[in-house]
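The chain contents come next:
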Amino acid sequence: MSSHQDPSAPLQGAPSKNTERKLKNETRTQLISFILMIFITSMAFISIGSDAVPNGFAIPFILMLAGVQVVLQLYFFMHMNEKGTGWINVMIWSGLFVAALTVGALMFLIGEVKY
Amino acid sequence: MSYAKAQSKNVVWDWLTTVDHKKVGILYLAGGAFFFALGGIEAVLMRIQLMFPDLAIVQAQTFNELLTLHGTTMIFLAAMPLLFGFMNFIIPLQIGARDVAFPFLNALGFWLFFFGGLLLYVSLFTGGAPDAGWTAYVPLSSNSPGQGLDYYVLGLQVSGLGTLIGGINFLVTIINMRAPGMSMMRMPLFTWSSFVASMLILFAFPALTIGLLLLMLERLFGATYFAVDFGGNVIIWQHLFWIFGHPEVYILILPAFGIFSEVIPTFAKKRLFGYSAMVFATLIIGFLGFMVWAHHMFTVGMGPVANAIFAVATMAIAVPTGIKIFNWLLTLWGGRIQFTTANLFALGFLPSFVMGGVTGVMLATSAANYQFHDTYFVVAHFHYVIIGGVVLGIFAAAFYWWPKMFGYRLSETLGKWFFWLFLIGFHMTFFVQHFLGLMGMPRRVASFLPGQGLDAMNFISTLGAFLMSIAFIIFLIAIFASTKNRDNVQDPWDGRTLEWTVPTPVPEYNFAQTPLVRDLDPYWYEKHEGDGKIKAAEPLGEIHMPNATILPVTISAGLIVASFGFIYHILPLIIGGFIITFGAMFVRSVKEDHGYHIPVEDIKRDKEEGK
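Quick mapping for you: the protein sequence lines, in order, are chains A and B.
In this text, residue positions in the first sequence follow this note's numbering: the first is 1, and each later residue adds one.
In this text, residue positions in the second sequence follow this note's numbering: the first is 1001, and each later residue adds one.
FYI, nobody ran anything at the bench for these hints, they're computed from the structure.
Owing to the predicted nature of the structure, the values given are computational and were not obtained by experimental measurement.
A portion of the hints provided could be inaccurate.
Claimed, not checked - Covered stretches of chain A (chain B as the covering partner; in silico rule of three or more C-beta atoms under 8 Å from a C-beta of chain B):
1. 86–95
2. 100–107
Claimed, not checked - Per label pair, the in silico range of CB-to-CB distance:
3. B:V1312 - A:A99: 21 to 27 Å
4. B:Q1061 - A:V68: 53 to 59 Å
5. A:L36 - B:E1601: 58 to 64 Å
Ideal Cβ positions, reconstructed from N, Cα and C, are used throughout, including at glycine.
So here's chain A without its partners, still in its complex pose (with noise of 0.2 Å):
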């Protein structure tokens, strides 16, 4: 049937002007982010590089910066923000919560502290 194309055949033709547009704009926010990473990247290691921050404020600096960089990887480079991708959010932030509550619950109930 005609209607059974791959859909990964090649595409053929020049792209039209809101394509291009749109590739313009996706490119500068690559660019953009790529640059954000980099420069969390480097910030993470100055904290721990130099001596400037001491270490009981490094270690949740660091997983801060780690938490932005993840959700910044997952919108701009893995897509998450563009349009149909809306079941994909609900999978991993319902997962991600579940996970959170259910991971700092635990380290609450077992460690030494009772209440």
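Since the structure of chain A is provided, determine the placement of chain B on it from the hints.
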């Protein structure tokens, strides 16, 4: 490969290599029924041992092994596969799809489950089955001598992998493969509840995988995660097990709720009362299922604040469950109720499950839980929810969907005998166990002493177990004695949903044309608002089908070989097993396999024969 060639194959080879969701569903049912029978035999042996005080029909060690195998088998190898069987067969039909999203993974999931279950049972012949209870608490399990617990760990690891694969497959199928017009809020409740159960599988099974991995490293390679003298913590196992284990009971009960939500409207001749409330309640139950695991551990010593939080969270689950119960009652209210066997199971479920729910709230009261913990009261409670909920659901589904799956209707006369004997036997077995527990009989004991007031009720309980066995034998007879009822099998119950629109036996492509869904309960809508036929969403055309393949069996078999290598520390077996598994995966990755097309003429011929 041509269509004709695909059909002319050796029968055994055909079932080993099938990737058709309907055949995989039937394989799941057969595998689940096999393990269900084994688990049942173990249960009856335990009840015979407890029939009179001071009996020595089985030794204490054997009793522990029976008890462990019974629990593990019934949860992992019987209830879940039986539900997976119905989910496999029915979900693609209910959403108007030609197959599940990943037919190959579907077959792989089944073979992993089946081989994992067989691996667990091999332990019976190699000097001792696992004997630490289905929960396998450490340090009892990590220090248990012999290989029994190694079989438990690896058997569950392999079959758990299959369940995880199956759950992901259902999620993708339901999200991506619904027919045009089948929005999420037009999905039948069985599909909805299976969808939520699959989400629970996706989020809960990793906790079990990690727990089993830690236990395996501890037992086989001398790790010390749970060894207190090396700074380990035994409580971590309990937490990991129940973070998985509590969602697991909702993985079992939610599809059963879905089954009842199909059966009750069909036989009350009414639309399901409060459809959106039912969907919402299912989601809430799934969500709360993750928030309550520590209520299995009230007596561990978590402290009063933690106990109180988990007690309140647990009681909250009674609210969405209550919404469901009232919705079923209001669906029945004023309906033209037909007392078919399937509906009898649904009607028997309502009071039985409510009784299990009430004792659940009692157990959730953390202060009272210190009294109930580890007594027969707990045994009575979870058998009331699992038999009164899940097993009655499976039997209702069997009688309801049997005509569509196997092409004949099960005998209603034998079915009613089966239902009444089973229901009476079930209540006889487990109702008295509430009181045995309140009188102080601990669970998991291999024997009890005379003169403590426990004799009469244990005897009644065992008689009930015999009655349930007789009932199940009647069901087996009904399966073989009903094969002549081959008329009226396409839509025997005046059904409401899409699975009743396809011919019986269901063609391997399910729908000649993808259906167009115009309302909730699409078939019912077309019967009463349209011309009684589902509208097509596409012109008749050739259909692309996946090829059959033996690779799922090969991948699973390789893992079993490797498991034996781990259990007995034989390095060549480990390496050989992994070579088989990863070799088969490599073949699957590099070998081009485009499937085949069923030509339009064959579909047209099928359509003419179907009418």
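Hints breached by this structure = Every hint satisfied by this model.
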